[in-house]
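Participant: Residue-level listing of the chains:
Protein chains: 2
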Amino acid sequence: MNAGELLSLCKRRGFIWPSFEIYGGVAGMYDFGPLGSALKDNIVAVWRDVYKRGEGFVEIDSPTVNPEAVFRASGHMDEFSDYVVHCKECREPFRADHLVSDLHANPDTLDAAALKGLMVEHSVCCPDCQCELGSVEEFNLMFKTSIGPGSNRAGYLRPETAQGIFVNFPHLYRYNREKLPLGVIQHGRGYRNEISPRQGMIRLREFNMMEVELFVDPDDKSWPRFPAVAEETLRLVPEDGAERELSLTQALEGGVIANEVLAYFIWLTKTLLERMGVDGGRLRFRQHLKDEMAHYAMDCWDAEVLLSYGWTEVVGIADRGCWDLSQHAAWSNEEMSHFKRYDEPREVERVALKAKYRELGPLFKGEAKEVARLIEERGPEDVSGGVLKVEKDGAELEIPETLFETVTVREKLAGERVMPHVIEPSHGLDRIFYTVLEHAYRREDDYTVLALRPEMAPIKAGVFPLMARDGLEEKAKEVFALLTAEGIEAFYDESGSIGKRYARMDEVGTPWCVTVDYETLEEERGLKGTVTVRDRDSSEQRRVAISDLPVTLKSLLKGADFAKI
Amino acid sequence: MNAGELLSLCKRRGFIWPSFEIYGGVAGMYDFGPLGSALKDNIVAVWRDVYKRGEGFVEIDSPTVNPEAVFRASGHMDEFSDYVVHCKECREPFRADHLVSDLHANPDTLDAAALKGLMVEHSVCCPDCQCELGSVEEFNLMFKTSIGPGSNRAGYLRPETAQGIFVNFPHLYRYNREKLPLGVIQHGRGYRNEISPRQGMIRLREFNMMEVELFVDPDDKSWPRFPAVAEETLRLVPEDGAERELSLTQALEGGVIANEVLAYFIWLTKTLLERMGVDGGRLRFRQHLKDEMAHYAMDCWDAEVLLSYGWTEVVGIADRGCWDLSQHAAWSNEEMSHFKRYDEPREVERVALKAKYRELGPLFKGEAKEVARLIEERGPEDVSGGVLKVEKDGAELEIPETLFETVTVREKLAGERVMPHVIEPSHGLDRIFYTVLEHAYRREDDYTVLALRPEMAPIKAGVFPLMARDGLEEKAKEVFALLTAEGIEAFYDESGSIGKRYARMDEVGTPWCVTVDYETLEEERGLKGTVTVRDRDSSEQRRVAISDLPVTLKSLLKGADFAKI
Numbered sequence: 001m002n003a004g005e006l007l008s009l010c011k012r013r014g015f016i017w018p019s020f021e022i023y024g025g026v027a028g029m030y031d032f033g034p035l036g037s038a039l040k041d042n043i044v045a046v047w048r049d050v051y052k053r054g055e056g057f058v059e060i061d062s063p064t065v066n067p068e069a070v071f072r073a074s075g076h077m078d079e080f081s082d083y084v085v086h087c088k089e090c091r092e093p094f095r096a097d098h099l100v101s102d103l104h105a106n107p108d109t110l111d112a113a114a115l116k117g118l119m120v121e122h123s124v125c126c127p128d129c130q131c132e133l134g135s136v137e138e139f140n141l142m143f144k145t146s147i148g149p150g151s152n153r154a155g156y157l158r159p160e161t162a163q164g165i166f167v168n169f170p171h172l173y174r175y176n177r178e179k180l181p182l183g184v185i186q187h188g189r190g191y192r193n194e195i196s197p198r199q200g201m202i203r204l205r206e207f208n209m210m211e212v213e214l215f216v217d218p219d220d221k222s223w224p225r226f227p228a229v230a231e232e233t234l235r236l237v238p239e240d241g242a243e244r245e246l247s248l249t250q251a252l253e254g255g256v257i258a259n260e261v262l263a264y265f266i267w268l269t270k271t272l273l274e275r276m277g278v279d280g281g282r283l284r285f286r287q288h289l290k291d292e293m294a295h296y297a298m299d300c301w302d303a304e305v306l307l308s309y310g311w312t313e314v315v316g317i318a319d320r321g322c323w324d325l326s327q328h329a330a331w332s333n334e335e336m337s338h339f340k341r342y343d344e345p346r347e348v349e350r351v352a353l354k355a356k357y358r359e360l361g362p363l364f365k366g367e368a369k370e371v372a373r374l375i376e377e378r379g380p381e382d383v384s385g386g387v388l389k390v391e392k393d394g395a396e397l398e399i400p401e402t403l404f405e406t407v408t409v410r411e412k413l414a415g416e417r418v419m420p421h422v423i424e425p426s427h428g429l430d431r432i433f434y435t436v437l438e439h440a441y442r443r444e445d446d447y448t449v450l451a452l453r454p455e456m457a458p459i460k461a462g463v464f465p466l467m468a469r470d471g472l473e474e475k476a477k478e479v480f481a482l483l484t485a486e487g488i489e490a491f492y493d494e495s496g497s498i499g500k501r502y503a504r505m506d507e508v509g510t511p512w513c514v515t516v517d518y519e520t521l522e523e524e525r526g527l528k529g530t531v532t533v534r535d536r537d538s539s540e541q542r543r544v545a546i547s548d549l550p551v552t553l554k555s556l557l558k559g560a561d562f563a564k565i
Numbered sequence: 001m002n003a004g005e006l007l008s009l010c011k012r013r014g015f016i017w018p019s020f021e022i023y024g025g026v027a028g029m030y031d032f033g034p035l036g037s038a039l040k041d042n043i044v045a046v047w048r049d050v051y052k053r054g055e056g057f058v059e060i061d062s063p064t065v066n067p068e069a070v071f072r073a074s075g076h077m078d079e080f081s082d083y084v085v086h087c088k089e090c091r092e093p094f095r096a097d098h099l100v101s102d103l104h105a106n107p108d109t110l111d112a113a114a115l116k117g118l119m120v121e122h123s124v125c126c127p128d129c130q131c132e133l134g135s136v137e138e139f140n141l142m143f144k145t146s147i148g149p150g151s152n153r154a155g156y157l158r159p160e161t162a163q164g165i166f167v168n169f170p171h172l173y174r175y176n177r178e179k180l181p182l183g184v185i186q187h188g189r190g191y192r193n194e195i196s197p198r199q200g201m202i203r204l205r206e207f208n209m210m211e212v213e214l215f216v217d218p219d220d221k222s223w224p225r226f227p228a229v230a231e232e233t234l235r236l237v238p239e240d241g242a243e244r245e246l247s248l249t250q251a252l253e254g255g256v257i258a259n260e261v262l263a264y265f266i267w268l269t270k271t272l273l274e275r276m277g278v279d280g281g282r283l284r285f286r287q288h289l290k291d292e293m294a295h296y297a298m299d300c301w302d303a304e305v306l307l308s309y310g311w312t313e314v315v316g317i318a319d320r321g322c323w324d325l326s327q328h329a330a331w332s333n334e335e336m337s338h339f340k341r342y343d344e345p346r347e348v349e350r351v352a353l354k355a356k357y358r359e360l361g362p363l364f365k366g367e368a369k370e371v372a373r374l375i376e377e378r379g380p381e382d383v384s385g386g387v388l389k390v391e392k393d394g395a396e397l398e399i400p401e402t403l404f405e406t407v408t409v410r411e412k413l414a415g416e417r418v419m420p421h422v423i424e425p426s427h428g429l430d431r432i433f434y435t436v437l438e439h440a441y442r443r444e445d446d447y448t449v450l451a452l453r454p455e456m457a458p459i460k461a462g463v464f465p466l467m468a469r470d471g472l473e474e475k476a477k478e479v480f481a482l483l484t485a486e487g488i489e490a491f492y493d494e495s496g497s498i499g500k501r502y503a504r505m506d507e508v509g510t511p512w513c514v515t516v517d518y519e520t521l522e523e524e525r526g527l528k529g530t531v532t533v534r535d536r537d538s539s540e541q542r543r544v545a546i547s548d549l550p551v552t553l554k555s556l557l558k559g560a561d562f563a564k565i
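For the record, the sequence lines run as chains A and B. In case it helps, the numbering used here puts the first sequence at residues 1 to 565. In case it helps, the numbering used here puts the second sequence at residues 1 to 565.
Don't take each hint at face value.
For identical chains, the list gives no copy identity; a pair is met inside one copy or between any two copies.
Dumping the calculated DSS-like pairs for lysine-lysine here, alpha-carbon to alpha-carbon at most 25 Å [as the list claims (entries may be wrong)]:
no.	residue 1	residue 2
1	K11	K52
2	K528	K554
3	K52	K554
4	K179	K477
5	K475	K179
6	K477	K554
7	K52	K558
8	K52	K475
9	K477	K221
10	K221	K179
11	K369	K389
12	K88	K354
13	K179	K500
14	K221	K340
15	K11	K179
16	K477	K52
17	K412	K500
18	K392	K475
19	K340	K290
20	K389	K354
21	K179	K52
If you're looking for bench data, these hints aren't it; they were derived computationally from the structure.
Whenever a hint applies, use it, and build me the whole structure from the sequences.
Facilitator: Quick look at the structure:
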């Protein structure tokens, strides 16, 4: 298959539409139509079910427009950029690294000068009009705006939902009664002002993310549910590039995955994706190479799926260490650490400075107490050349060592402050959406079936009268109303032959079709009408009493075997 | 009560947090915390249940960043603005109309010169530092950004979700098999770059909307479900200002509400809000005054709720006529109309131009057919001074009337193209969210209860061990796991006295609390353990078998009487 075929189906049947088509379109943006919007919601629902209900994590929802301070701390102001080059003639912009992708093994590691050098050397010109290219410039990929009138306060559209969780850490930590672990999820829009987006839904300017930030004790990366899945296996491509199938235990013992909690969430990602309908045979986990990984990350794995575009990242699962919270703590001066209470108070010895009050009194009079406090806040390591420098009211005092002494104190500590570490499974919703469709896509001759898992299907049941006459259509509408009232997404259709109607439902992934026929009307006189239920995947049909239909469909949705209904 | 008291509860308990507090905050933005995010989702779920499941409307999801063309057509480029004035000294910006609100009855109808005149006349100065104010300037309230590198393509954050529906009308119309009525819903972020936001969640820079666009035949504003609700009553404040309680029939017959479909959706809005927990006694519908209503609107009503801020709009329900589609059709040159098929083809007489082929042949040779076509495309009204001007290959030909004649033709028409009208119920989600909280807020002495409707409550059941010992806590955790597995949002708490735990749940609106006590353990030996269930609103308690608990809570959620469980 090719992506174009599937995208054309998606457009025709109302899954996704390229945005703003009536105005010539905007590259890198899609609308979710009626069926796509429902499929997207079903993906979010599964993710929530796994993390919120299953793991007990909490969910928040924060703004998409953020002030600059957030991205100074997160590093996006400095790091979130690509190199752009414009054609001097047609003014079309291109990603510089894409233009030299055949000329260098890792073009995204090159800087502006190296990229330009390579282009000049190989006479690279505009791919559209073959004219000369201009200079290579760095382009920050955040959409910029300003908050309030006057352009004095810069704002940016968030490149990820994660920062909304980090900046709220103090609130979330209190909400969790100052305990770890603390798991927080957020889904919503992310933005990346791509230079020249291609590849359908894979590289978007406005996209949807589902992010999970798990804050853990840095000294304890075990996970209570790990033992239950320790022998499950994963298809791994570690940084040495040699793909292998390992159990979680093997991966941990061999030092392939950094720690237990990370291993658990890699496994959870696998089950999550498979439940959504990603084909397990086209799913692997690839470890980031050292030069690919953010400098602060302790380990990072991408869930990659095989698509017509090639192997594509859909989820990243990283141990980000204390980077995010440390950065925000440093830039905001807010407390972001966790007070880790010891099981029993610990007695510790500490070398400290002790002010000589008798000497200080005559020298500083009413201020002596304050000066003593300033001395005792410091430690022996701050004394240099027999002098301790302290700041008081903006001025620097030089305190000679005749005014204090070095003593050993014994203290009882109830605990210590530690900076939590962050485990982050970050999901690209649009890419998962596209994968669910591509992995469900079956085409034989001119017949197309989307074999979506029933939980994912936008429509659970098509409801048809065999023909639109003789009261069949009234009865079918009653059945449709019954299912709808029971919260089962149904679609009523009386147009065209019954075969065409089945085909239309198969093409959008509807698992079951319900048909009202003459037998139904016949039986109805005896008050026990039945309808046929057709199963998409087996094409089998069964007769089911109308009154049992909601219960039957609900049990099928929960995984009951069609052959046994 | 005052809003501050409630907002403080909301912040303390994790409903909402002022955004970016660690960086000094950004006015007009809020984060939804764990409880707020759940409440918000519950509001969206009810709205969807009413419109998608109940009315059969379809849902879409479109981008928040839009190209300029969209807002040229919608009028937002020209109209979506306020007047701003800056203090010359402290540079603080203010809304000009707010500064003169005591000096004029309708300050928002004044232009820049009138506003400045009024300020000078009354020596209005900066409310913050009492210094002189600068000039009054128009400020467009859309957040502006640019799409792609180079700032050549302007983009704006959408001020409403509605435009995403209008620009997709051709797709949606085909999805609906080119039939009317067609109902489409969308929820998501909207943005308004307020000059100086105040009033908590009422006036936000980034907010959440739930919009409904119903496209109807302009000649048929009846509604099939109307008769069933015709005698229901509404509290109306028509444009004459005289509040009265009228049935829908009375409102229509008296010409108070413009048409049946609009009346139906006003009534539906009432039931929707009441189901969410808005107090019917603090809800009214106010008609827009002529000078308040958009020039194209045919009728417009605001659902207003009484809050501590005064009467506040939470939903607007308007008959927008053909404005939106006509505008986009004109600016995009795309077909946005509906082909309305007649029940039977209609025979009509039309006066037309008919080319004289015999005269054209010798004159135009091989082009004669084309010229004839160009003539017959036009009508008698295009003939002026005995000459018909037509454009051919970029040149204008003047065709003398000797080359054509005026004839009467009879045609059979299958139907006609009409521009659909739009009925729009547009919901301010954040305002509804705040209203649901304020109308549920009860405080007696120091005891606070949020009497949220169970369907709205973020947590449905608190689960406690009577004390955290003797195995009570293990059993309570089992009960918690049982409810969670059944999809009932539960919260486990063992900290503090049982009274404190009840109080904490009452304060966040949890309708029921389940307590495991010694009787539970006693009975468990006989395998039929019961727990106490306490009802928030009556404070009554009942014992329920653990095995029945999920079913009991689900039936309570559906409205069963606690006294009868």
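Participant: All hints are to be evaluated individually against the structure, with a verdict given for each.
Facilitator: Tested hints:
1. For the identical chains of this complex, K11 and K52 are inter-copy neighbours only, at 21 Å across copies versus 32 Å inside a copy, given an alpha-carbon limit of 25 Å.
2. When the C-alpha separation of K528 and K554 is checked against a cutoff of 25 Å, the pair qualifies only within one copy, where the shortest distance is 20 Å, while the shortest distance between copies is 29 Å.
3. In the homo-oligomer, the alpha carbons of K52 and K554 lie at most 25 Å apart both inside one protomer (23 Å) and across protomers (20 Å), since each shortest distance falls under that limit.
4. Proximity of K179 to K477 under the C-alpha cut-off of 25 Å is restricted to the inter-copy arrangement: shortest distance 18 Å between copies versus 54 Å within a copy.
5. For the identical chains of this complex, K475 and K179 are inter-copy neighbours only, at 22 Å across copies versus 57 Å inside a copy, given an alpha-carbon limit of 25 Å.
6. Taking the shortest alpha-carbon separations for K477 and K554, only the intra-copy value of 19 Å comes in at or below 25 Å, while the best inter-copy value is 28 Å.
7. Proximity of K52 to K558 under the C-alpha cut-off of 25 Å is found in both arrangements, the shortest distances being 19 Å within a copy and 23 Å between copies.
8. Proximity of K52 to K475 under the C-alpha cut-off of 25 Å is restricted to the inter-copy arrangement: shortest distance 22 Å between copies versus 41 Å within a copy.
9. Proximity of K477 to K221 under the C-alpha cut-off of 25 Å is restricted to the inter-copy arrangement: shortest distance 24 Å between copies versus 56 Å within a copy.
10. In this assembly of identical chains, the alpha carbons of K221 and K179 lie at most 25 Å apart only when taken from the same copy (15 Å versus 58 Å across copies).
11. With identical chains, the CA atoms of K369 and K389 are at most 25 Å apart within one copy only, with a shortest distance of 17 Å there and 100 Å across copies.
12. Proximity of K88 to K354 under the C-alpha cut-off of 25 Å is found in neither arrangement, the shortest distances being 71 Å within a copy and 53 Å between copies.
13. In this assembly of identical chains, K179 and K500 lie within 25 Å of each other by CA distance solely across copies; the values are 20 Å between and 58 Å within a copy.
14. Taking CA atoms no more than 25 Å apart as the test, K221 paired with K340 passes inside one copy only; the shortest distance there is 15 Å, against 66 Å between copies.
15. When the C-alpha separation of K11 and K179 is checked against a cutoff of 25 Å, the pair qualifies only between copies, where the shortest distance is 19 Å, while the shortest distance within a copy is 48 Å.
16. In this assembly of identical chains, the alpha carbons of K477 and K52 lie at most 25 Å apart only when taken from different copies (17 Å versus 37 Å within one copy).
17. When the C-alpha separation of K412 and K500 is checked against a cutoff of 25 Å, the pair qualifies neither within a copy, at 79 Å, nor between copies, at 32 Å.
18. In this homomeric assembly, K392 and K475 never come within 25 Å of each other (Cα to Cα): the closest approach is 87 Å inside a single copy and 58 Å across copies.
19. In the homo-oligomer, the alpha carbons of K340 and K290 never lie at most 25 Å apart, since the shortest distance is 32 Å inside one protomer and 64 Å across protomers.
20. In the homo-oligomer, the alpha carbons of K389 and K354 lie at most 25 Å apart inside one protomer (15 Å), although the nearest pairing across protomers, at 104 Å, exceeds that limit.
21. For the identical chains of this complex, K179 and K52 are intra-copy neighbours only, at 17 Å inside a copy versus 41 Å across copies, given an alpha-carbon limit of 25 Å.
Checked against the numbered hints above, the structure violates hints 12, 17, 18 and 19; every other hint is satisfied.
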